[in-house]
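Place chain W on chain H using the hints.
As you go down the protein sequences, you meet chains H and W in turn. If you read the first sequence in my numbering, its first letter stands for residue 421, the second for the next number, and so on. If you read the second sequence in my numbering, its first letter stands for residue 1263, the second for the next number, and so on.
No wet-lab data here; the hints were simulated from the structure. The reader is advised that the hints may include incorrect statements.
Mimicking DSS-like on lysine-lysine, the simulated pairs with C-alpha atoms at most 30 Å apart in a straight line are [as the list claims (entries may be wrong)]: (1) Lys688(H) - Lys664(H); (2) Lys1461(W) - Lys835(H); (3) Lys494(H) - Lys1494(W); (4) Lys484(H) - Lys1417(W); (5) Lys1327(W) - Lys775(H); (6) Lys791(H) - Lys1455(W); (7) Lys905(H) - Lys784(H); (8) Lys451(H) - Lys494(H); (9) Lys1417(W) - Lys508(H); (10) Lys768(H) - Lys784(H); (11) Lys499(H) - Lys1494(W); (12) Lys1417(W) - Lys840(H); (13) Lys813(H) - Lys768(H); (14) Lys1492(W) - Lys508(H); (15) Lys664(H) - Lys508(H); (16) Lys1382(W) - Lys775(H); (17) Lys1417(W) - Lys1492(W); (18) Lys492(H) - Lys1503(W); (19) Lys1455(W) - Lys768(H).
Cβ-Cβ distance ranges computed for the label pairs, FRET-style [claimed, not checked]: (20) Met1329(W) - Gly495(H): 56 to 62 Å; (21) Ile1335(W) - Pro721(H): 50 to 56 Å; (22) Phe1472(W) - His432(H): 35 to 41 Å; (23) Gly1532(W) - Cys538(H): 46 to 52 Å; (24) Gly1367(W) - Glu798(H): 55 to 61 Å; (25) Arg1459(W) - Gln496(H): 54 to 60 Å; (26) Ile1468(W) - Ser710(H): 54 to 60 Å; (27) Asn814(H) - Val1412(W): 29 to 35 Å; (28) Leu1328(W) - Val715(H): 49 to 55 Å; (29) Phe1472(W) - Ser710(H): 48 to 54 Å.
If you want the ones that stay clear, here's a sample from chain W, every Cβ over 10 Å from chain H, calculated [claimed, not checked]: (30) Lys1317; (31) Trp1323; (32) Arg1501; (33) Tyr1535; (34) Asn1536.
From the three backbone atoms N, C-alpha and C, an ideal C-beta is built for every residue, glycine too.
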Amino acid sequence: MTQPTPIIEFDHFTFQYYSQAEPTLVDINLKIYPGEKILIVGPSGSGKTTLGHCLNGLIPFYYKGSSQGSLKIKGQETKDLDIFQLSKIIGTVLQDSDGQFVGLTVGEDIAFAMENDCVPHDEMHERVARVAEMVGMDHLQTASPYELSGGQKQRTSLAGVLIDNVDILLFDEPLANLDPATGKIAIEIIDDIHKELKKTVLIIEHRLEDVLHREVDRVIVINEGRIIADMNAHELVCSDILIKNGIREPLYVTAMKYAGITLRPEMKPGHIWSLDTGTCNEALRRWNRSVVPPVPLDAAPSILRIQNLNFSYDGVRPILHNIDFDVHEGEMISIVGKNGAGKTTLSKIMCGFEKEDSGAVLYKGQDIASKSIKERAEFIGVVMQNPNQMISKNLIFDEVALGLRLRGVDEKEIKTRVEKVLDICGLAPFIEWPISALSYGQKKRVTIASILVLNPHILILDEPTAGQDYRHYTEIMEFLREINKTGITVILITHDMHLMLEYTPRAIVLSGGEMIADAAASVVLTDQHIIAEANLKETSLFHLAQLAGIPDGTQFVQNFIDYEREVGK
Amino acid sequence: MKAKLFSYNYEDTFIHRLSGFTKLICFLLLTFAVMFSYDIRVILGVLIFSAVLLKISKIRWSQIKLMVLYVLIFLVINALITFLFMPEQGVEIYGTRHPIVKLFGPYTLTQEQLFYQVTKFFKYSSVIPLGIIFLLTTNPTEFASSLNRVGVHYKAAYAFSLTLRYFPDIQRVYHDISQAQQARGLEMSGKAKIGERFKNSLMIVIPLIFSTLDRIEVITNAMDLRGFGKGKRRTWYTRAKMVQADFIAIAVSVVIFAITILISTFINHGRFYNPFI
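Looking at chain H on its own, in the form it has when it is part of the complex (with noise of 0.2 Å):
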C-alpha cells in the first residue's frame, strides 16, 4: 500500500517571533494527512497558537517574525503563499466566537469571504442558503449575534469558513468561551462535518477531556515550542505526558488513578464512551468505599444575605425573580448558570451598581440599601473577568495602591499596606514592574490585589480562569483558596464545572432569573434537571460510576471531591 500524500507537513520547522528571544517553534517534524482528525493540546505559551498561525498565514501577514526549515500545505511551500491564498485552503475558527463575528446578520457572517472576492448578490445568497443548511442555521439567517446561544454563533463561524468549500479546517480554543453544554454541542458538530464533509480537521485546545467526547485519530501534545507526543488518546491517557506538561487529564482518569488501578492502552481509557472498566470494577467500589467523609462543620453566620430579591432594567422583563439565599462567613461559594441567567446582575445588587426593585440585600444581618458603591466597597470587592478592563495604573505599586489614595489614606499607611498585600498575592518581587510586562495571571492577580488592599470581607470573582490553562487555573484558585483561608468569603460566578467540583463545596443555580438550586456541587453536576437548565454537562465521574456499577453516583462525585481534598492538604 502506498502511503497518501500528507495535506501538512512540517519539515524541521522553527519559528521565531522579531520581538521575541527564543523561537517559538522549534524544530517541528509532523504529518498530516488527508481527512485525519487531529488535537493539538498543550499549555497556554507552549506554541500551539503560533503553529496555528503559521499554518493559516496570520504570520507572518499580522504577526513578524521569521521562519526555518519546511512548512507544506497540498504541496505548495507556505512562504511563497499568502494569506488569502491560504484561506482558500485552510478555514479557521477562532476561539472568540463574538470577536469573530464580523456580519451583522447570521447570513451576511457567513457571506463575509464571499464578499470580499466579489461574488454577485445572488449567487452569495443561493450559496449562503445552501451552506446555513449545511451547519443547520437555514431558519436563522436573518438573525442578529445577539439573538443567538453560543452554539448558534460556534455554526455560523464554521459556515463563514465552510462557504469557500475548503480542505481543512483549523479551530483554535473552540471551547475558550463556551459554558460546558455549549462546548459539547461545538464538539459534536466539528465531529458531524468531518465525517460528512470528509475535511482534514485540526482542533488546538487545551481542555483534551472535553475534545475527547468525540472520537479523534491522533493527539499532538507541545510545549515549549517541541511535539513532545504524537499518539491515539488512549495511549496518552495512560502516560504521564499530560501531568508533566500542564495538562489536565480527563478526571474519570484522575479517579482510577485514585483507585489505585494502572491505566493501560486495552482498557481504550481514551474517551468515557470507549472505557472499559471489567478488569477494575471491583477496585473502583472498594475505594468508593474507603472515602472517609469529613466531619461537617457548623455552618458559620451568614455574612450577606440575598432576601427576596426582584429585579429588571426596563419594568417589564424580569432579569431576577425572588432570589432567596446565604453566603456564610469565610464560605467559598460559586454562582452558576448559563449566559443571561442573572450572575452578573446578582452580583452588580450586591455591589450597589444596580438597585434592587424589592427585597434587599443584608450584610450581616443590616440591610444595605442605603450604602453607596464606595461605601459597599469597604467590604465588599469585585475583580472583573478581564483584567485589562480595571488596569489604569502603569507601575503594579499605583496600581494596588489607587484605592486608598482615592480614600485619601497617608502615603506612609499606603505603602505598608500595599506592601503586605503584595506580599499575600506573590508579587512583591515585581513591585517596581510595569503592569505590561506581566502575564495575564499575573495580572489578574494585580487586579485581586489592587480589591484586596481595602480589606474587604467578601470577594466577588467574575470568571476568574476563563481561557485559563491549568497550570494558571491552579495558579489562580489555588491563590484564592489562600486568600479564603485568610477568614475572607469567596464568590465566585462561573461556569467552569472543574472549580466547582475542586474548590467551592456549595454552588447557586441560576436559570432564567429563577433560583434554581442552593446544594453541593456533587448534587449540581449529578441532577439532570439542573445540568440542563444552567448548560452545564454531567460530569464524568458520574459516568465512571455507572460503569462500575456504583448505584450512588452523586456520593461517588462527593467521594472524589473528599478524597481530592484530603490528598490536598
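Okay, now just chain W, sitting in the frame of chain H:
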C-alpha cells in the same frame, strides 16, 4: 436593556425599509437644500418635514436625548459667539437697519440680526433630525455599502460601519469599567474638582482603550483570515434592492431640493430671503 447612543435598532417602519443608499441620497439632498438656503420658510418646511419623518421612524426620545442636548448647547454657544463677533451681520446682509434695543457698548440688537440668527438656528436644527434618522434607521453594513456606492473606498466605509456597530458595546464596557473604578473609590460626580475629574476620567479611558485594542485585534484577524482587503472592490450581501418606495423617496427629496434652488434663484434672487424690503 437601556437605549444606547447611536445604536441602530430595527423597527418595521417605512423608513427602516428604505435601502441605505436611498437614505444616504435623501439625507445628502435635504441637508444640502437647507445648507444652501437662508430662507426661513424653506428651512421651517424641511424642519417640520423631518420632524414628521422622525415620528414615523418610531425613534424614542430616550435614544436621542443626549445627542439633541449636545447639539442644542453647541447651537446656543454658536449663536452667542456670532452675535459677539458679528453683531451687524444681519444688517450687512439685508441692507436695512431696524434697531430693537440698545445693549451695552457697540452692541445693538437689530431686527435684521435677530432674523438672521433665528434663521441660522433653525437651519442647523433641521439637519439634526435628518442625521438622527439616517444613523438610527440604517443598519451599519448597509450604511457601509451605501457609502461604498457613492464612491467611498470600501475599507474606509467598513471601518466606519464597524465603529458605529461597536459603539454600543464600547459604551457598555465604559459603563462596567466606570462602576468597577467607582467601587475602588473613584469620584465621578460634581464633587470632584475639574482637574481631579480629568485625571479620574483617565482611569476609565485607559482600561477602555486597552480592552478595545484587544477586540480590534480579534476582529482584524477574523477579517484577514476571510480575505478582507484582498481586492480593489468587494460586493455586498446586504444590499436592499431598490423598490418603488426608494424611487419615491428620492424623487421627493429631489423635488424639495429643486424647490429650494428655484426659490433662491427666482424668488429671492440669492440665498437669503429678505422680508425687510
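To see whether the hints hold, each was checked on the structure:
Taking the CA atoms of Lys688(H) and Lys664(H), the gap is near 21 Å; set against the 30 Å cutoff, the hint holds. For a cut-off of 30 Å, the pair hint linking Lys1461(W) to Lys835(H) stands: about 22 Å separates their Cα positions. With a C-alpha separation of about 28 Å, the suggested pair Lys494(H) and Lys1494(W) falls inside the 30 Å cut-off, and the hint holds. Taking the CA atoms of Lys484(H) and Lys1417(W), the gap is about 23 Å. The hint holds against a cut of 30 Å.
Note on Lys1327(W) and Lys775(H): the hinted pairing holds, with a Cα-Cα distance of about 23 Å set against a maximum of 30 Å. Taking the CA atoms of Lys791(H) and Lys1455(W), the gap is about 23 Å. The hint holds against a cut of 30 Å. With a CA separation close to 19 Å, the supplied pair Lys905(H) and Lys784(H) stays within the 30 Å bound. Between Lys451(H) and Lys494(H) the CA atoms are separated by roughly 11 Å; this keeps the pair inside 30 Å, and the hint holds.
Taken as a hint, the Lys1417(W) and Lys508(H) pair is honoured in the structure, with Cα atoms around 21 Å apart against an allowance of 30 Å. Between Lys768(H) and Lys784(H) the alpha-carbon distance is near 19 Å, which keeps this suggested pair within the 30 Å criterion. Between Lys499(H) and Lys1494(W), the direct Cα distance comes to roughly 24 Å. Compliance with the 30 Å bound is thereby established for this hinted pair. The suggested pairing of Lys1417(W) with Lys840(H) is violated, with an alpha-carbon distance near 51 Å, which exceeds 30 Å.
Simply put, Lys813(H) and Lys768(H) have alpha-carbon atoms about 24 Å apart, close enough for the 30 Å limit, and the pair holds. As the CA atoms of Lys1492(W) and Lys508(H) are separated by approximately 12 Å, the hinted pair is consistent with the 30 Å bound. As the CA atoms of Lys664(H) and Lys508(H) are separated by approximately 37 Å, the hinted pair breaks the 30 Å bound. Among the hinted pairs, Lys1382(W) with Lys775(H) is inconsistent with the structure: their alpha-carbon atoms are about 45 Å apart, more than 30 Å.
Proximity of Lys1417(W) to Lys1492(W) is assessed by CA-CA distance (about 11 Å); at most 30 Å being required, the pair is judged to hold. Proposed proximity of Lys492(H) and Lys1503(W) is contradicted: the alpha carbons are some 44 Å apart, above 30 Å. Simply put, Lys1455(W) and Lys768(H) have alpha-carbon atoms about 28 Å apart, close enough for the 30 Å limit, and the pair holds. Hint check: Met1329(W) to Gly495(H), Cβ distance near 57 Å, so the stated range 56 to 62 Å holds.
Under the hint 50 to 56 Å, the C-beta atoms of Ile1335(W) and Pro721(H), about 54 Å apart, fit the expected range. For the pair Phe1472(W) and His432(H), the beta carbons lie near 38 Å from each other, so the given range of 35 to 41 Å is met. For the pair Gly1532(W) and Cys538(H), the supplied restraint of 46 to 52 Å holds, since their beta-carbon distance comes to about 48 Å. Range check, Gly1367(W) to Glu798(H): Cβ separation about 56 Å, and the 55 to 61 Å hint holds.
For the pair Arg1459(W) and Gln496(H), the supplied restraint of 54 to 60 Å holds, since their beta-carbon distance comes to about 58 Å. Distance hint check for Ile1468(W) and Ser710(H): the Cβ-Cβ separation is about 55 Å, which falls inside the suggested range of 54 to 60 Å. For Asn814(H) paired with Val1412(W), a C-beta distance near 45 Å fails the hint of 29 to 35 Å. At roughly 59 Å, the beta-carbon separation of Leu1328(W) and Val715(H) lies outside the given 49 to 55 Å, and the hint is violated.
A hinted range of 48 to 54 Å for the beta carbons of Phe1472(W) and Ser710(H) is consistent with their spacing of about 51 Å. The non-interface label for Lys1317(W) is consistent with chain H: the shortest C-beta to C-beta separation is roughly 22 Å, beyond 10 Å. For Trp1323(W), the non-interface assignment is confirmed: its Cβ lies about 15 Å from the closest Cβ of chain H, beyond the 10 Å cut-off. Against the 10 Å criterion, Arg1501(W) falls within the reach of chain H, whose nearest CB is about 6 Å from its own CB.
Every CB of chain H lies more than 10 Å from the CB of Tyr1535(W), the least distance being 44 Å, so the non-interface label holds. The beta carbon of Asn1536(W) is kept farther than 10 Å from every beta carbon of chain H, the shortest such distance being approximately 49 Å.
Comparing the model with each earlier hint shows violations of hints 12, 15, 16, 18, 27, 28, 32; every other hint is respected.
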